Amino acid sequence: MLMKSLLTLRSTFSRQSQSLSRRYFSQVAASQTPTSSDNLTQQSSDFEMHHKNHRFVLDEPKFYEDEFIVTNDSELTFMRTPFYEISKLSQVKEEELEDFFQELSVKSTYMTEVTNQLKSDPNHKDLKAYTRYGDVFVDQDDVDEKRSKFLLQAPRGEPYRRISPSELFKVQKPSNQMDILRKEKAYIAEKFFGPFELKESNLRTLFIDQKAVFANEDFESQEYLDWKSKVLEVIPNLNHDILVQFALHLAYDAKLNDKEIWMAIEDASYPALHHFTNLQVAQLQWAVQELKPKHVSPRLQTLLDKRALETIENTNDHMELIDIMQGFRKKFSHDMYMKIRKNLADRKDRYFPVEKSTHKQRIENIVNTFYTLASNRPKSYGTYEVVASQEVDELIAVYEQDFLDHIKELDTDHLTRAATALYLFKTPNYENIFWRIETQANNLIDKLEPSQMVSILRSFARSQDNISCAKDKTFYNFEAKLLKNLDNLSERELSHVAYAYGVRNVGNPELHKALEARINKSVENFDYQSLFNVIYYLLFRENGSKELWNKIMQTTLKNPDILPLIFYRPFKISSLYLKGRFPDIVKDELFIDYEHKFFYPERLFTALRQEKYFQLYKENLSFKGFLNAKCFLYPIPFATEASLFTLHFMFKEQKIAINFHLKVRCPRESQKPNEMQKLGAKMLKYHGWEILDLPESEFNSWTYHERLNNINGWIKEAKQRQVKKGIMDAVPKQYV
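Taken in order, the sequence shown gives residues 1 to 736; the numbers are from UniProt numbering.
One thing to keep in mind: the hints can contain errors.
Taking lysine-lysine pairs in the PhoX-like style, the calculated list, with each CA pair at most 25 Å apart, reads [stated by the list, open to error]: (1) Lys408 / Lys183; (2) Lys551 / Lys572; (3) Lys408 / Lys471; (4) Lys546 / Lys579; (5) Lys572 / Lys685; (6) Lys348 / Lys306; (7) Lys408 / Lys426; (8) Lys173 / Lys292; (9) Lys356 / Lys579; (10) Lys330 / Lys185; (11) Lys408 / Lys356; (12) Lys292 / Lys471; (13) Lys199 / Lys228; (14) Lys185 / Lys331; (15) Lys360 / Lys348; (16) Lys330 / Lys183; (17) Lys330 / Lys191; (18) Lys191 / Lys255; (19) Lys513 / Lys484; (20) Lys230 / Lys183.
FRET-style restraints, in silico, Cβ to Cβ [stated by the list, open to error]: (21) Lys447 / Leu273: 51 to 57 Å; (22) Val586 / Lys306: 54 to 60 Å; (23) Gln720 / Ala480: 44 to 50 Å; (24) His334 / Tyr476: 38 to 44 Å; (25) Glu542 / Asn466: 18 to 24 Å; (26) Asn550 / Lys342: 38 to 44 Å; (27) Ser333 / Glu669: 37 to 43 Å; (28) Asn709 / Lys447: 51 to 57 Å; (29) Ser164 / Lys93: 47 to 53 Å; (30) Glu217 / Lys306: 31 to 37 Å; (31) Gly688 / His334: 43 to 49 Å; (32) Ala517 / Asp561: 46 to 52 Å; (33) His705 / Asp561: 54 to 60 Å; (34) Ser164 / Ser333: 17 to 23 Å.
Hints listed in this document are in silico derivations from the structure and should not be mistaken for laboratory results.
These numbers were taken from a predicted model, which means no experiment stands behind them.
All C-beta atoms, glycine included, are put in the ideal place defined by N, C-alpha and C.
Using the sequences and the accompanying hints, generate a full structural model.
Below is the structure:
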């Protein structure tokens, strides 16, 4: 009986350990005045210890022998944690069990009293911050149910669920996504973006005249089951042309994901597969991959992949390549991409023969092919990004002269695609092609539609590995037309305009005033990508409107989807900025909830030290040598601060840094850093940092003595400012 009680007590402590210890340290420990600095250390140690995996440490006494907890007994301020005794349970002899149980019972009483004290205290920020993880109170009584539900209300108390990796990379699409694609890819719109007409009379009757049967989504009704049986009778009798059109209509127009119907389509496609054209293979693949969950078997996927690879290997028609790239977008394997890239480089004259088309037609075909490849190619992550960039550069090099010679012949549609393709390829080279695009854009400025202007500005602002390109004058040339049409832009387009003008720090005050007014008006309709752009814009301009930031946070919290990892960085920076700009915001419930929205992407987010930039350019080594040998300064090179910003030459303890911006990493026209490169200095100044953004062009314009005087002088002034802030001591420490 005694052993059973011990095991029950052990189980109870194991379940309650983390939530209880965190709550009373957020509340009880804060209310008691520690007697010494050692007590603070003990509290901190206990707080951190209970973050560990209890299942692992529970049987290890060494983890608890120096652990003490605060009690609510005035005579016994501290006591050794009960986990020390629990961890020794396996070592206790039978004759010692009674004393062992008595000691645990006493400690259990103290912990129960602490729990009761927590129940009676009013809720506050710290208590809510910990209950939002989905904790429930220890020994929860019925009388506490109402209060518990209030404290555990989503998102505070909603338990963090297990998610799939795909949710962290899901990009939300606007409601008019298909309309956008039809416009951007007009050359294949009828093939892939519908609407898809049903030519077979029985299908038209079932899906057009009787649409209400499946539109109400009552899939268990007898009416729907009877309707489905008729559909299943029709499918085996369809020829291969109508079968593919039916699959497209089912996926994109009817949006009906009935397993039996899709399995019937798959079964009907096998005998007809050898009759399919290359376009129909791509269309069937495009259809079966749209709805989730997918109900077709891997066998069909394998056969379609095989046909696609055969087409890539044997075709001399660039349109067949375009069809394959678009149709297999959602299953575009690396092998398929590499074959297409290699063939485009090796078979240029076969895909785009000079003698069979005019120069204008030929460059338009090249642009359409490049745009399709850039918008559908597999995304590269990790170390392979460098290799992928090299592969793209090799391909563009083959067509570079064609772009340079004939971009002047492009109309507005193809010019927009050319700019977007180069931006999507993420190449840091070929700025000469962007110059031609910029010139033609200025020539066609009166013919460009507002949406096309947005796409071109977006490409300029994010091109060259985010260095950006084009002259400031081009941005000002676009400004008047954008101002007239600002209210007609979609939320996504508005955010792209804001980012483009923000990162380049261009635009007249009237434009920025209009942008902020429209953002304030439309912020509730923003998705994550729009918020990504707008938050960056507000950070670039150091916007201090707390009302607008509150709207940003509310919109983020209302979005039910997981915050994607690819869009996470500006949200994380905004948290850092708001804490520095509005110190009291850390007590704001809205801000606390806003930060908890970061839970999932924060697990995988990493700001890597950029050694490749330090080692790649000898100018960095030369500047470091100048600081060491001439200025007698010994900073840490290229270190990451706040898991966000890479500071080029950092003095960590003094919170002083120099960012040395190389000419090759700056916009060519100004040879000065853009707003994205200066963002670290802007944000960290609110947290006590002194950071000098020094362009290489400015450093090179100084004489030797000016370099010494300017750098040493700035360091001296920065130290004086840090002394006033209390970050540095006025008198350096003396070491004997």
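Q. For this structure, which hints from the list above don't hold up?
A. 9, 12, 20, 21, 26 and 32
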